[in-house]
Structures are given as structure tokens and as C-alpha cells.
Amino acid sequence: MSSRLPVASGFYNYSRLAKSTSSYGKRMNQLRGQLFTEVIRRTDNNSMETLKRFAAKPIDLDPGIVHYYDYIRHPETDELIGLLRNYGLFRDEHQDFNEEMERLRELRGKGRKRFFDRHADKTKKKAK
Numbered sequence: 126m127s128s129r130l131p132v133a134s135g136f137y138n139y140s141r142l143a144k145s146t147s148s149y150g151k152r153m154n155q156l157r158g159q160l161f162t163e164v165i166r167r168t169d170n171n172s173m174e175t176l177k178r179f180a181a182k183p184i185d186l187d188p189g190i191v192h193y194y195d196y197i198r199h200p201e202t203d204e205l206i207g208l209l210r211n212y213g214l215f216r217d218e219h220q221d222f223n224e225e226m227e228r229l230r231e232l233r234g235k236g237r238k239r240f241f242d243r244h245a246d247k248t249k250k251k252a253k
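Numbering (my numbering), first residue to last: 126 to 253.
Hints are computed from structural coordinates only; laboratory data are not their basis. Incorrect hints may appear among the rest.
Cross-link-like lysine to aspartate or glutamate pairs, in silico, EDC-like; alpha carbons within 20 Å at most [to be verified]:
| id | residue 1 | residue 2 |
| --- | --- | --- |
| 1 | Lys238 | Glu227 |
| 2 | Lys235 | Glu225 |
| 3 | Lys235 | Asp217 |
FRET-style restraints, in silico, Cβ to Cβ [stated by the list, open to error]:
| id | residue 1 | residue 2 | range |
| --- | --- | --- | --- |
| 4 | Asn223 | His199 | 14 to 22 Å |
| 5 | Leu214 | Thr168 | 54 to 62 Å |
| 6 | Arg152 | Ile190 | 26 to 34 Å |
| 7 | Leu156 | Asp187 | 30 to 38 Å |
| 8 | Glu231 | Ile184 | 25 to 33 Å |
| 9 | Arg239 | Ile197 | 26 to 34 Å |
| 10 | Arg233 | Tyr193 | 43 to 51 Å |
| 11 | Asp217 | Ile184 | 42 to 50 Å |
| 12 | Asp203 | Asn170 | 47 to 55 Å |
| 13 | Asn170 | Gln220 | 53 to 61 Å |
| 14 | His219 | Ala181 | 23 to 31 Å |
| 15 | Pro200 | Arg239 | 20 to 28 Å |
All values derive from a computational prediction rather than experimental measurement. Beta carbons are placed, not taken as given, at the ideal position from N, Cα and C, and that holds for glycine.
Based on the provided sequences and hints, a complete structural model is requested.
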């Protein structure tokens, strides 16, 4: 018994059959291609381009595109823009509008708008 050679595995026999040029081998190759999205039949260039696009990684997952520009450092950028604005070298129209609305509010006698202080007063009244 020890003199017997090991029996070839079933996978080896299958792969040998699939590689053969018989009708079974051709059909198995075609099915394998359909399962693993390989193109078996001849296709025109437009269809091949479409297949390549579907096979490629989505753009939003491609790090070469997503991380092309570094993310903005918001705190440093805000500080720099604030300094430039104080020197008169940068104009932030949104901040100008907010300051003008606050100035007009103070002229009407309403004072600064304090959202958190107003809610803090309500919680103090409930606690009493």
C-alpha cells in the first residue's frame, strides 16, 4: 500500500478538463468568465470602456483623487483671515453684515444678543 502514488485531487482533474478545447471546457471557461466578470466574447471599444469604468474603484474611494488637496486647517485659517481683516487687507462681507446688525441692535437699545444667557436665566427660575 505504501508503494501507491497519491491520487490526484479532484480540483486538478477539473482544471485539466476546463483547460481542454472540448465543448465542456469552452462552456466552463465561459461560465467562469461570467461569474468573475471577465469578457469572453468579442466586444467593441465602447463596451470595453464601460466595463473598465464599472470594474474600476469609485472616484470617491480613490485616494489619489480624494486626498489630492490637503484639508483646510480651519483654526489657523480663521486666525490669519481675522488678522488680515483687522489690517484691512481682507473683506469678509458676512462678518461685516453680522457686526452691522449687532451695532444697529445696540443703537435700538436691545444690547447684544446672548442666546445662552437667556436660556441660563430660565433654568435658574425653574431651580428656585
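Hint check results:
no.	hint	result
1	Lys238 <-> Glu227	8 Å, holds
2	Lys235 <-> Glu225	14 Å, holds
3	Lys235 <-> Asp217	25 Å, violated
4	Asn223 <-> His199: 14 to 22 Å	18 Å, holds
5	Leu214 <-> Thr168: 54 to 62 Å	59 Å, holds
6	Arg152 <-> Ile190: 26 to 34 Å	40 Å, violated
7	Leu156 <-> Asp187: 30 to 38 Å	31 Å, holds
8	Glu231 <-> Ile184: 25 to 33 Å	50 Å, violated
9	Arg239 <-> Ile197: 26 to 34 Å	30 Å, holds
10	Arg233 <-> Tyr193: 43 to 51 Å	49 Å, holds
11	Asp217 <-> Ile184: 42 to 50 Å	33 Å, violated
12	Asp203 <-> Asn170: 47 to 55 Å	51 Å, holds
13	Asn170 <-> Gln220: 53 to 61 Å	54 Å, holds
14	His219 <-> Ala181: 23 to 31 Å	40 Å, violated
15	Pro200 <-> Arg239: 20 to 28 Å	24 Å, holds
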